[in-house]
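Let the hints inform the model, and build the full structure from the sequences given.
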Amino acid sequence: MLQILFDALSLGSLYALGALGIALIFGVMRLVNFAHGDVIAFCVFALLWPSTDAMAIVFAGQLPWYLLVPFVLLCGAGLSVLCEIVVFRRFRQANPATMMIASFALGFVIRYFLLMLFSSRPKSISLLPELSQPVEILGARLPLLQLITIVTTMVILIGLTLFLRQTRFGLEMRAAAENFSMARMLGVRANRVIMGAFALSGALAAAIALIFGAQTGTLDIQMGASIMLMAFIATVIGGLGSLGGAVLAGFLLGAASVIMQVMLPIDARPFRDAFVYGAVILVLLFRPQGLIAARGTKERV
Amino acid sequence: MSLLALSDITIRYSRLTAVRNVSFSMDEGEILFITGPNGAGKSSLLRAIAGVTPVAGGRIDLAGHEITGQAPENIARLGFSMVPEGRDVFGSLTTEENLLVGTGMHARERGWRSRAADELEAVYATFPMLKERRHGQAGLLSGGQQQMLVIGRALMTNPRLVAIDEPSLGLAPNINDQVYERLIALRAQRQLTLLIVEQSSARAMMVGGRMILMRGGQIVLDGDARTLGNGEAIQAAYFGYEDN
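Quick note, the sequences are listed as chains A and B, same order. Under full-length UniProt numbering, residues 1 to 301 are what the first sequence spells out, in order. Under full-length UniProt numbering, residues 1 to 244 are what the second sequence spells out, in order.
Don't read these hints as lab results, they were simulated from the structure. The model shown is predicted, which means the values in this text are computed figures rather than measured ones. Every residue gets a Cβ at the ideal spot worked out from N, C-alpha and C, and that includes glycine. It cannot be assumed that every hint is accurate.
So these bits of chain B aren't anywhere near chain A, every CB distance computed over 10 Å [what the hints assert, rightly or not]:
id	residue
1	43
2	58
3	63
4	64
5	77
6	174
With the Cβ distance kept under 10 Å, some of the chain B side facing chain A (calculated, not the full set) [said to hold, decoys possible]:
id	residue
7	24
8	26
9	29
10	74
11	75
12	76
13	88
14	89
15	91
16	92
17	93
18	104
19	105
20	107
21	111
22	157
See the structure below:
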């Protein structure tokens, strides 16, 4: 029972972090960033030295954790900000559909860049192996990594909340997310806020990359896409642009996946995802605006 | 030199021309009403000064700087503060957070925090109701309270020129009287330069000051509000009777 709870929480953590990364950017620029998953993949491969061999040549992955974590976070934030400067900045005045398609294209560029450097073969890596030892809590044996995942996610969520509530930059971001042009008329710098959102979103992608890399031990250039899909669904269920909703829906999706894995009859288990998506459709039928409707549907200027 | 000068401003929305070759200027300390019927181009003009609507032609100067085509955040830094039509309160933020958003642009200057705190107290002194609701969600304030909040928010940036678009919109007449009472008191207190857009010229005649009347994207009258208001010229200009 405890095992199920922890499985649900740790899977939900990944979805919640992913959804948050998408919701942050949607909030300030009404962009659904489909390149987010590929930023995750990029961060994972930042651990390796570029080579197309089947064997992974570990590079940054060998660093001690206190260097590894900041390095990967910086990679994520850096790539994400770069995407903003090089690509999305030119599309600021464009309509959301155009921006979305641009983000798809950008995602493919990042993916094929990785493909060129690393080939498409999945590679195995043992990232922070000391974390895979089990620990015993209340009679259940749980992987230490799962605990760390959950704790890290909680710390990130609390930290982000404090940042948004307590700092001047956080206040400016919330104001801009609700009404971008009014915020600008009050002197809030558009570029700073948008780049800040991209940096945060990229750092969140990096956090997912670290957790996912450590959990699965397999690196695959497609891996970002699967998380991205679930994370995107979570942002939609949560109410696009609503950060709290994205996190809530992320955890709900994680829980739904894990519970269905356990409760469905054995024959139906391979179709678990179909049941999860079915539940998503039901939710959207009853609450098309999402669980927590976001304010600030005002037009960007 | 004038604080704000527009020369030959034209604003187009695709094929519709909203404002046609409008020129006027304002001096420091002046109060100017822009009135006129719906669709006269009043709001477009304000939004163009604020930098959120692009101009198709002409030039705008504020406090000795050309601001045509500048980003809204840079125009705000030159001392232009805008209260847009429909108020645009940040509904999910608290009352106090709404007031504080605009103080961030002075963060590079020394002592901005204590100045922002003083400014906050000054706004609360003018609008005690805002202080009572300071930690409440701004979206839950009444229309009149929101109008006072956005005026307070505009003052928090320590502006040289405050522009207000239709402060009376959607307010009961007695609430509207209160809003104007505070505005006039504030103006006396701080030597504010005010640019107010209103549909009706009644308010301008009551408050006094200068009045510009617009129709069809052009200025039709420009003069002292009280003198203009008593003539038949204003009716003719407002409704567009020509020579009859």
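Now the hints, each set against the structure:
1. No beta-carbon of chain A comes within 10 Å of the beta-carbon of residue 43/B; the shortest separation is about 13 Å.
2. A cut-off of 10 Å between C-beta atoms confirms that residue 58/B is not in contact with chain A; the least separation is 20 Å.
3. With a minimum CB-CB distance of about 15 Å to chain A, residue 63/B clears the 10 Å threshold, and the non-interface call stands.
4. The beta carbon of residue 64/B is kept farther than 10 Å from every beta carbon of chain A, the shortest such distance being approximately 19 Å.
5. Taking the minimum C-beta to C-beta distance to chain A, about 6 Å, the non-interface status of residue 77/B is violated against the 10 Å cut.
6. The beta carbon of residue 174/B sits about 27 Å from the closest Cβ of chain A, which is more than 10 Å, so the claim that it is off the interface holds.
7. Below 10 Å, beta-carbon pairs count as interface contacts, and residue 24/B has none with chain A, the closest being about 21 Å; its hint is therefore violated.
8. For residue 26/B, the shortest C-beta to C-beta distance to chain A is roughly 18 Å, which exceeds 10 Å, and the interface hint is violated.
9. Residue-level restraint check for residue 29/B is violated (minimum Cβ-Cβ distance to chain A is 23 Å; threshold 10 Å).
10. Hint on residue 74/B holds. Least Cβ distance to chain A is approximately 9 Å, under the 10 Å limit.
11. At about 8 Å, the closest approach between the beta carbon of residue 75/B and any beta carbon in chain A falls short of 10 Å, and the interface hint on this residue holds.
12. A distance limit of 10 Å between C-beta atoms decides the matter here; for residue 76/B the minimum to chain A is near 4 Å, and the interface restraint holds.
13. The restraint placing residue 88/B at the interface with chain A holds, with a minimum CB-CB distance near 4 Å, inside the 10 Å limit.
14. Interface restraint check: residue 89/B against chain A, minimum CB-CB distance 9 Å, threshold 10 Å, status holds.
15. Taking 10 Å as the C-beta cut-off, the interface hint given for residue 91/B holds, the closest approach to chain A being about 5 Å.
16. The beta carbon of residue 92/B is positioned within 10 Å of a beta carbon in chain A (closest approach about 5 Å), and the interface hint is therefore held.
17. For the restraint placing residue 93/B at the interface with chain A, the shortest Cβ-Cβ distance is roughly 6 Å, inside the 10 Å limit, so the hint holds.
18. With 10 Å as the threshold, the beta carbon of residue 104/B comes within range of chain A, its nearest partner Cβ sitting at about 5 Å, so the hint holds.
19. Because the beta carbon of residue 105/B sits about 3 Å from the nearest beta carbon in chain A, less than 10 Å, this interface hint is met.
20. Hint on residue 107/B holds. Least Cβ distance to chain A is approximately 7 Å, under the 10 Å limit.
21. Interface hint at residue 111/B: violated, since its Cβ lies 15 Å from the closest Cβ of chain A, which is beyond the 10 Å cut-off.
22. Look at residue 157/B: its Cβ gets to within about 6 Å of chain A, closer than 10 Å, so that hint holds up.
The structure fails to meet hints 5, 7, 8, 9, 21 from the earlier list, while all remaining hints are met.
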